[in-house]
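K.L.:
Sequence:
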Amino acid sequence: MNRTVDRTLITDESFPYYIFVSDIHGNLETLELIERAKKDYPTALLVAGGDYVDGRAYVKEVLEYLMKQKAVILCGNHEQMFLNYANQVEHQDGIWFYNSGDKTLLQLFGELAEPEAIRQSKYYQFLSDKPIMFETPNIIFVHAGVRPDEFYNKPETYAQKLDVHRHQYDYDFYRIWIREPYLYSDPIKKIFAHNKTGKTIVTGHTPTAHILGSYEDGTRVSSSELNPVVKIQYPGEPARIFTDGGSHSDPLAYPHNDGNVVVLNSQGKLVKVYNYQNTLANPEN
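According to UniProt numbering, the residues represented by the sequence shown are 1 to 285, in order.
In case anyone wonders, no lab produced these hints; they're calculated from the structure.
Warning: the hint list may mix true and false statements.
With a Cα cut of at most 27 Å, we get these calculated BS3-like pairs of lysine-lysine [to be verified]:
id, residue 1, residue 2
1, LYS161, LYS122
2, LYS231, LYS39
3, LYS38, LYS272
4, LYS269, LYS190
5, LYS231, LYS68
6, LYS38, LYS190
7, LYS269, LYS130
Here are the in silico distance ranges between beta carbons for each label pair [stated by the list, open to error]:
id, residue 1, residue 2, range
8, LYS231, GLU32, 22 to 30 Å
9, GLN267, GLY94, 39 to 47 Å
10, ARG166, TYR98, 20 to 28 Å
11, PHE151, ASP12, 19 to 27 Å
12, LYS161, THR4, 17 to 25 Å
13, THR219, LYS122, 46 to 54 Å
Beta carbons are placed, not taken as given, at the ideal position from N, Cα and C, and that holds for glycine.
The whole structure should be built from the sequences, with the hints applied where relevant.
P.N.:
As structure tokens, then:
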């Protein structure tokens, strides 16, 4: 049985496999990765983790593709900026246009469409009712992160009033925007946080090239500009899996940052990764 609580889609059932993709950002190659994963795992449920818009040249094609899928489609911070701009709930043109929102409007509408016109569009209708988080018996899928403790799904344990300047983040903002407070127990020393939720947490949002730090025993973790999947896991705890493959980057500077598509089993174990390095660069794999 499925139910939605506080923009979290909760299910008591499990699929044998889940295909997760996040931060497509208008990258057409990422759709090819999804199709490869679907071919290999035809019984899997596709879960999309947000940030489909803003960035590369195929935002319209990406949204049209997702609209045809039988999938769980989550909201990311870029979709929320799109919705905020359309709803005129705050002055979003500055921050959203800085993050390529103007390019998204041109791709979707052929012009810098006015909020009222956006609200009448099928793209707005598609994105306006999406949950932020999807929770199965063993996995938490969310764009940016949650409190990595037993209170992860309790809105009252987050800030009750958003104040970014004072680092006070409410439940929804945290889940689509958070970075360091989710990554680290000690952001200054960059000590990775434990995962006390009891479930594997799968996220996008932070390009994995920026996930640098240490476990409590001093073991270092570093990534690369190719933004491979990064898994952070303490002994005896479920993993936290980071998947943002850097598609929001400049395609001329980083032509092969085509995202990561990951497959997990029902227990939350990472089974396979599809990206440029192991899939598009090697078509026979």
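K.L.:
Hint by hint, say whether it matches the structure.
P.N.:
Taking the hints in turn, this is what the structure says about them:
1. LYS161 <-> LYS122: The given pair, whose Cα atoms are some 32 Å apart, is violated under the 27 Å limit.
2. LYS231 <-> LYS39: holds, 25 Å
3. LYS38 <-> LYS272: holds, 12 Å
4. LYS269 <-> LYS190: The hint holds at about 25 Å.
5. LYS231 <-> LYS68: Outside the cut-off at roughly 30 Å; violated.
6. LYS38 <-> LYS190: Outside the cut-off at roughly 36 Å; violated.
7. LYS269 <-> LYS130: Satisfied, since the Cα-Cα distance of roughly 26 Å is no more than 27 Å.
8. LYS231 <-> GLU32: 22 to 30 Å: holds, 24 Å
9. GLN267 <-> GLY94: 39 to 47 Å: Given about 44 Å between the Cβ atoms, the range holds.
10. ARG166 <-> TYR98: 20 to 28 Å: holds, 22 Å
11. PHE151 <-> ASP12: 19 to 27 Å: With a Cβ separation near 21 Å, PHE151 and ASP12 satisfy 19 to 27 Å, so the hint holds.
12. LYS161 <-> THR4: 17 to 25 Å: holds, 24 Å
13. THR219 <-> LYS122: 46 to 54 Å: holds, 48 Å
The structure is inconsistent with the numbered hints 1, 5, 6, although it conforms to all the rest.
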